[in-house]
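Participant: Sequence:
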Amino acid sequence: MRQPAKILVVDDERAVRIMLETALRAHGYRVETAANGADARMRIEHEEFDLLLLDLQLGDIDGIDILREVKERSPATEVILLTAHGSINSAIAALRYGAFDYLLKPAQVAEIRERVERALNNRRINLQRTELLQRISESARALGLIESGSHPISAPSTSSDHLTVGPLMLDLRRHAAYLGEHVLTLTRTEFALLTALAQNPDTALSYTALSEAVYGRAQPEDEARSLLRPHIARLRQKLDATKTPGIALISIRSMGYMLQTENAPVP
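Residue 663 is where the sequence shown starts when you use the working numbering, and the numbers rise one by one after that.
Simulated from the structure, these hints should not be mistaken for lab results.
As the structure is a prediction and not an experimental result, all values here were calculated from the model.
Glycine residues also receive a C-beta, built at the ideal position from the N, C-alpha and C atoms.
Only true hints are included.
The following label-pair restraints were derived from C-beta to C-beta distances:
1) Glu709 <-> Arg780: 19 to 27 Å
2) Ala746 <-> Ala700: 20 to 28 Å
3) Ser736 <-> His689: 21 to 29 Å
4) Ala746 <-> Tyr877: 21 to 29 Å
5) Gly690 <-> Ile914: 47 to 55 Å
6) Pro768 <-> Gln665: 24 to 32 Å
7) Glu843 <-> Ile680: 40 to 48 Å
8) Leu789 <-> Glu843: 14 to 22 Å
9) Asp902 <-> Glu773: 34 to 42 Å
10) Ala910 <-> Asp722: 31 to 39 Å
11) Thr904 <-> Gly878: 26 to 34 Å
12) Thr865 <-> Lys767: 42 to 50 Å
13) Ala677 <-> Arg891: 30 to 38 Å
Work out the full structure, taking the sequences as your base and the hints as a guide.
Facilitator: Okay, here's the thing in structure tokens:
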């Protein structure tokens, strides 16, 4: 029997914590609370949650910092931001860092439950897709259809649905990514970045070019840099964690980033 979803409520207002905890427990969820950013940080270091209800304006730590940390530790954890009208622009911007949605305070119980259900359903779909793709990959490898290890690279191999650069394979239709023997769990932004880089291997792409690929419009270099740097850092961490040879995401000073293949000279 499947366990009820585990939710962490992070808000420095006691009345809000009690209201959210009561409403969610009544709906059958397991709920824990944190009164500040330090408490939330400690909890996400030692536990994995299905969902965070996270106040943007905490007294000690910026809610955006908590959002970034939980997404780095557990990309599948969904985050719904709680925000007052005055910080709505910050909440919208935070969606780019991987938040699922945001709620304006004070929110109605019915609206809270509806958003939570949608976020948890999105998490279940993503986890099921990842598990299925992992099984497919393992079965294909067992049958000798996928080779392990690195591959020489001269140009990306593309089809209407797939893009392959050495040990990296991107399923463009399903937004799934594989590196060597590993399935990568990427946010939408990370997948869009990796796709743009994989379409131009061994070529430095500027922040402006990457922002156009990700957001559909070219932004000034400084603005694009500050927007994309956190996503690129997390993407590089995920690629490096697999320890797969033959491909690397590197920074090119004063130019941008490049997906370097094993055959490319080091700049």
